[in-house]
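K.L.:
What follows is each chain in one-letter form.
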Amino acid sequence: MYGIGILKGLVVTAKNLLRKPATIQYPEERVPQASRFRGQEFTWFVDRCTGCASCAKFCPLGIIRIETDPNGGNEQDGGSYRVDVFDIDQGRCMYCGMCVEACPYDALHMGSNFEAAQYRREDLVINVEVLKARDKHPSTWYRPQLEREKFDPFEGQPKEWKDAGRENPFWHPQRPEMLPDEGDTRPTANGEYK
Amino acid sequence: MSPLEENHIFSGTYGFVTNTLGGPDWLAYGMGAVAVIMIVVNGFLLIGTLFTWMERKVVGRFQSRVGPNRVGPFGILQAIADAVKLLFKEDIVPRRADRLLFNAAPIVMLAPSLLALAVIPFGRGSYVADLNIAVLYVVAMGGIASLAVLMAGYSSGNKLALLGSMRAVAMLLSYEIPLVMALLGITLLAGSMSMVDIIEAQHVPFLLVSPLGALIFLIAMSAELNRPPFDVTEAESELVGGYLTEYSGMKFGVFYLAEFCNVVLAGALFAILFLDGWEWAILPSHLWFLIKVFGFLFVASWVRATLPRMRIDQILTFAWKYLFPLSLVNVLALAVETIAWPDPSLGQLWIMVAVNWVIAALAIPLLSLVVDLKTPARAGRRVSPVEEAI
Amino acid sequence: MTTVVSGSDLAILVGNRLLHSVTLSDVGAAWVTPEALVDVCRFLHDDPDQAFELLSSVTAVDYVEFFDVVYHLTSISRNASAVLKVRLYGREALSLASVTSVWSGAELQEREIFDLLGVSFDGHPNLKRLLTWEGFQGHPLRRDYLEPPLPYTWPHGG
Amino acid sequence: MTMHTQPVIVNIGPHHPSTHGVFRMRLTMDGENILDVEPVIGYLHRGSEKLAEERHYTQVITLTDRMDYVASMTNNQAYVLSCEQLTGITPPDRGLYLRVIAAELQRVVSHLVATGFFLQDLGAFATPLMYAMRERERVLDLFEMLCGARITVSYMRIGGVFQDAPGEFWPALRRILDDFPSFIDELEDLISDNEIVRSRTQGVAVISGADAVNASITGPVLRASGVSWDLRKAAPYDVYDRVSFEVPLGEHGDNYDRYMIRIREIRESLKIVEQCVAQIEPGPVRATTAMLFRPPAGESYVPIEAPKGELGFYLVSDGSIAPYRMHVRAPSLINLTLLKQMLVGWKLADAIVSFGSIDVNMGEVDR
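Quick mapping for you: the protein sequence lines, in order, are chains A, B, C and D.
For the first sequence, counting from 1, position 53 maps to 53 in the working numbering; every step adds exactly one.
For the second sequence, counting from 1, position 16 maps to 210 in the working numbering; every step adds exactly one.
For the third sequence, counting from 1, position 42 maps to 626 in the working numbering; every step adds exactly one.
For the fourth sequence, counting from 1, position 334 maps to 1076 in the working numbering; every step adds exactly one.
The set of hints was computed from the structure by calculation and includes no laboratory data.
Note that CB positions come from ideal geometry on N, CA and C, so glycine has one too.
Some hints could be false.
[To be verified] Interface residues of chain C toward chain D, partial, derived using beta-carbon atoms under 7 Å: (1) 587; (2) 588; (3) 611; (4) 634; (5) 641; (6) 656; (7) 660; (8) 687; (9) 692; (10) 715; (11) 728; (12) 730.
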C-alpha cells in the first residue's frame, strides 16, 4: 500500500519524541571530557626543562620560539640551559601534540581547557611568565604515568614538577608490563571489566 | 438582525458606546466593528506567531534536541524575538528587482489569509460574518496566495527564485481542483456552504462521514501551504530560498508570518469542516476550537519533521493522476448518498460512515497499486528545441 | 592477496608484444616511451589475460633532470597490480598522449598534473587547470617553483 | 509552434547549502532539466602535497587527517601503511588491532554523515541528520578517550598507534556495539521503505558497472553498481585477513543502492569491531618510539579501502628525513569523473541528491 513506509517513518519520529533530548545546554551544563583531551593551556615545568628545544624542532608549524642562556643553572641532573624566551603562538597552534610527544624530559604537557579565546591576536601568544605562573593541570595525553594514577586534570589540586614524574623513555615497545596497571583489558568470562 | 449583532463583542461595545457614552449611532457601529476586527486579527496573528514557536519546539523534540528555550520561559517569546530581530535587519531590494512588485508581494501574501478570517466561527456566536458562500470565499482567498508567490519569484530577479515561483504556480493550480472537490463533498453533506450551517449539520463529525474527503483535503492543503512533503517552492537544498531568497528584514518576516498564519487558517478550516467546529461536550466552545486547531498544527509539525520532499514532476503527476480520481470517487459516493437521504438522520449518517469507510478502504489500495512515480516524466517528454541545438 | 606484477615481468610482457616500447625497467615498475604509451595501455586494458580494467592513480614526479609520469594499474578480475612509468626529459613544454581514450578515469587526474606540474596531455577532452584558478601562473609542485612576491599582479587572481 | 526556450546557466555553489563544502557546478538548464554540467573545484586547495615536502615523515601525519576531515583515522592509516612499506617497520599485533578498530569506527561515522546529509538533500528536514549526528557524537567521544581529539585525531604513528587505549575505553565501546544495531534498524525504518524516498532515488542517476570501473570509481559507489571490489578483501592490510565480513553489493547502481550500501556497510563494520575486540591481546602497541625516520631511497603505494573509496599515498623518498614527493590518490576526486553522465537529463532536484549520493568530501577533493 502506498502510505505504509511513510506511516512507519512517522512512528519512528514519534518514538524519538518521547526520548530525552540528547543536546546539552553548554554554558550551564558541560560535556564530560576525556582525561587525554589535548587542550589549549600548555603545562610547562620549568624545573624539568633543559632548553633542548626539541619541541620547537618537532612542531609541524614551527610556532614555538625558544631562546636559552647557556650558563643558566638548574637542579636537573647535569647542567641545563636557562630558558629566557619560550613563546607558543596559540593563534596558529593546531594542538596536534607533536611537541609534547617529542619532549624527552616530560617538561611540556598538553593543557586540558578549551576556552582560552582572546580579542586580539597578540594575546594568543603565551610567553615564559604565563607558562611559569599558570597552575599545572596537565592532560594525561602521552603521559602514562599520570594515567596510571588516574589523574583527573579537570578538578582538584595542580601537579608539582616532582610528582608529575617522568616515564622511562623506553616504556613502549619492548616491555609488555608497560600497560596501565589494570593489566589485561579484555572482558573476563562474565563480561565484566577489571 | 445582521449576523454582526449576534456577535457578543460587537453588541457589547455597541451598547457601551450608545448607553454609557451616549454617542451617535454610526459611531457606535464603527467602534463595535473596530473592536471585533482588533480582537479577531490580533488573536489570529498571535496564534500564528505562537505556532512558529510551537513548530520549532515540536520539531526540535522530534529531532531529540530541545528547541528554543532561551527567550522567556520555555522560549515562548522566541517568535517576538525573531520579529524584533527582523525589524532591525537591513531591508535589501536587489538592483535588478522590479521594485513595485517586490514590495507588494508580502502584502498580497498576508492579506488574503486575514480576509479569510471573516467567515471563521471561533466559537458559539463569535464570528464576524456568516456568509452563505463561506467555503467558496475561503477557496478564493487561498488562490491569491499563488499570485503572491509568482510576484515574489518573478520580481526578485534571481534565477533560483524564478525557478521556485514557476514550480509554485504549477503546484498550487494543480492542487486547487482536488481541494475544491473535497470541499464540494462537504457542502453536499451539509446542504449549505455557510460555516455555521456546516457545523450545525455535523451531528457526526464529517471526518468519519467522508474519510476520503478529509485525506484529500489534508494532502491538497499541505500542497497549497508549501508544507513538506510538497515544499519545493523554497526547498533549502535546491533553490537555497526559492522565492524568498532575495527577501530580508521585515519583508521576509511578513512572508514567514503569512506562511504560518496560512497553516493556522488551514487548521481552523479542518477543525470546522471535519471535526465539527466548537460542538462538543462540557468544555466551552472556544476551548474546543483551540484544542482542535492545535491538534492539527501538531500533526502538521510531525509531518514536517519526518517526510522528505517530492520532486516537482512527481508532485504534478500525483495530483493529476491519483488525487484527482480519488476526489471524483469521493464526490460520487457522497452525491449518491445525499440523493438517497436528503436530510440524513443520525442512523442514516452512521450508515453513510460505514459505506464511506468501505469505499475508502477499497479506493486507496487499488489506486496505490497504480501509483508509479518512478518512471520519470522524461520518458514521454518532447525533446525541447534547445536540446537539439546542443 | 593482490599479485604484484614486478617491473621486469611487465617489461618482458610489454616488450615482446610491442617491440622497443620499453626503455627501462627495475623491480617496481617498467618505463615506456611516450609515443608507445597509449598502445601499451590499450594492450594492458584489452588483453584478456592482462585485464587491467582499473586505473588506480596517475601522478607525476619532478626529478629536476626529467619528469616521471606514473600509472598505477589494477586488475579486478585477476586481482593484480602493476606500475607503468613514462620518462620525459627537459623542463619546458612537456607533453604526453592522454590515456582518457583507454580509461576515462584519468581525465581529472591528468588535469591535476597539468595544473600542478605543467605536463600537458594531448587528446585530453577538457585540459584546464583543476585546482588553481585560471589566472594562476606557474606550476606549484615543480621543484623550482618560487612563490611570487606579494601582492600578486595576476589578472584576477590572488 | 514550438516555444523557443533559451538555456539558463545556473551556478550551484560554491556557497550553497548542500554542496558538502565548497564545490561549484555550472549547470546549463532548460527549465528544470539539466543539459550540461561542469564541476569547478579548487576552492579548498591548501597545497597539502607541497607542504608534505617540507615536513619529516611523522609531522606529515598531522597533515593527513585534515584531508578527508570526516574520516581522518583512515587517512592516517593509509599514510602510515605507506611509510611502513618504505621504512620496513612492522607494528606489533595489538597496534594493528587498535588501528582496525579505530578505522572501522571511523567508517561507521563517515557513512552516518553521508547518509544523514544524503537525506537532508532529499528534504527530510534534518531529522535523520540529527539522529545520525547524535550517534556520531558517541563514537567521537570514544576517539577523544583514545587520542585526545575528536576530528583531527593523528592517532596512528609509523610502527603502530601512538598510545594504548585507556581502561574506560573498552566498556564504552562495548555499550556502543550493543546499542548501534538497534539504531540502524530504526534509521532504516524511518527511511528505507519510505515511498517518497524510493520514488525520488530509485532509478535515478544510474551508473553501470563497466562505466564505473573504466572511470576508476572505487568504494561504495562502485559496489553499488554491482562490481565486487573491496581492498579489505582483495589486498588485506593490518588484520583484515583475521576477521570475517561480507562485502554488500547493489544491483542497479542508482542513488537508492548507494544509500543502502552504506547502511549495510555500517553493519559489517560493527561486526569487524566486534571480532577485533574479541581477538585483541595485551602487548606493546608501537614498534618504536622514534619520531625521525630516514627511509632508504625508493617509493611506495599501499592503497586501502577508505569510506569514500580506494585511498593511497604514493610516497617517493630520496633518503632524507622528508618525503621527496607525496601524491594522494583521492577517491572523492576521482569519483566525480562520471558526475556529468549521472546528472544530464535529470532535474535540478536530482542533481543535488545524486551529487550527495557519491559522498564527496571537499577536503579530500582539493587537498
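K.L.:
Does the nearest C-beta of chain D fall within a distance shorter than 7 Å of the C-beta of residue 656 of chain C?
P.N.:
holds, 6 Å
K.L.:
Any CB of chain D closer than 7 Å to the CB of residue 587 of chain C?
P.N.:
Violated, because the Cβ-Cβ distance from residue 587 of chain C to chain D comes to roughly 10 Å (cut-off 7 Å).
K.L.:
With chain D as the partner, please determine if residue 588 of chain C meets the hint condition of a C-beta pair closer than 7 Å.
P.N.:
violated, 9 Å
K.L.:
Go through the hint on residue 730 of chain C and say holds or violated, using the shortest Cβ distance to chain D against 7 Å.
P.N.:
violated, 12 Å
K.L.:
Double-check residue 715 of chain C for me: the hint is only fine if its C-beta lies closer than 7 Å to a C-beta in chain D.
P.N.:
Residue 715 of chain C check passes; min Cβ-Cβ to chain D is 4 Å, inside 7 Å.
K.L.:
Identify whether the interface hint at residue 641 of chain C stands, where standing means a beta carbon of chain D within less than 7 Å of its own.
P.N.:
Holds, because the Cβ-Cβ distance from residue 641 of chain C to chain D comes to roughly 4 Å (cut-off 7 Å).
K.L.:
Answer holds if the nearest beta-carbon of chain D is closer than 7 Å to that of residue 692 of chain C; otherwise answer violated.
P.N.:
Holds, because the Cβ-Cβ distance from residue 692 of chain C to chain D comes to roughly 6 Å (cut-off 7 Å).
K.L.:
Under 7 Å, Cβ to Cβ, is where residue 687 of chain C needs to be relative to chain D, so tell me if that hint holds or is violated.
P.N.:
Status holds, d = 6 Å.
K.L.:
Does residue 634 of chain C pass the interface check with chain D, least Cβ-Cβ distance below 7 Å?
P.N.:
Not OK, violated: residue 634 of chain C not within 7 Å of chain D, min 15 Å.
K.L.:
Closer than 7 Å between Cβ atoms is the bar; does residue 728 of chain C clear it against chain D? Give me holds or violated.
P.N.:
violated, 13 Å
K.L.:
Was the hint right that residue 660 of chain C lines chain D, CB cutoff 7 Å?
P.N.:
At about 5 Å, which falls below the 7 Å cut-off, the nearest Cβ of chain D leaves the hint on residue 660 of chain C intact, so it holds.
K.L.:
Quick check on residue 611 of chain C please, does its C-beta sit within 7 Å of some C-beta on chain D?
P.N.:
Interface hint status for residue 611 of chain C: violated (9 Å vs cutoff 7 Å).
Comparing the model with each numbered hint stated earlier shows that hints 1, 2, 3, 4, 11 and 12 do not hold.
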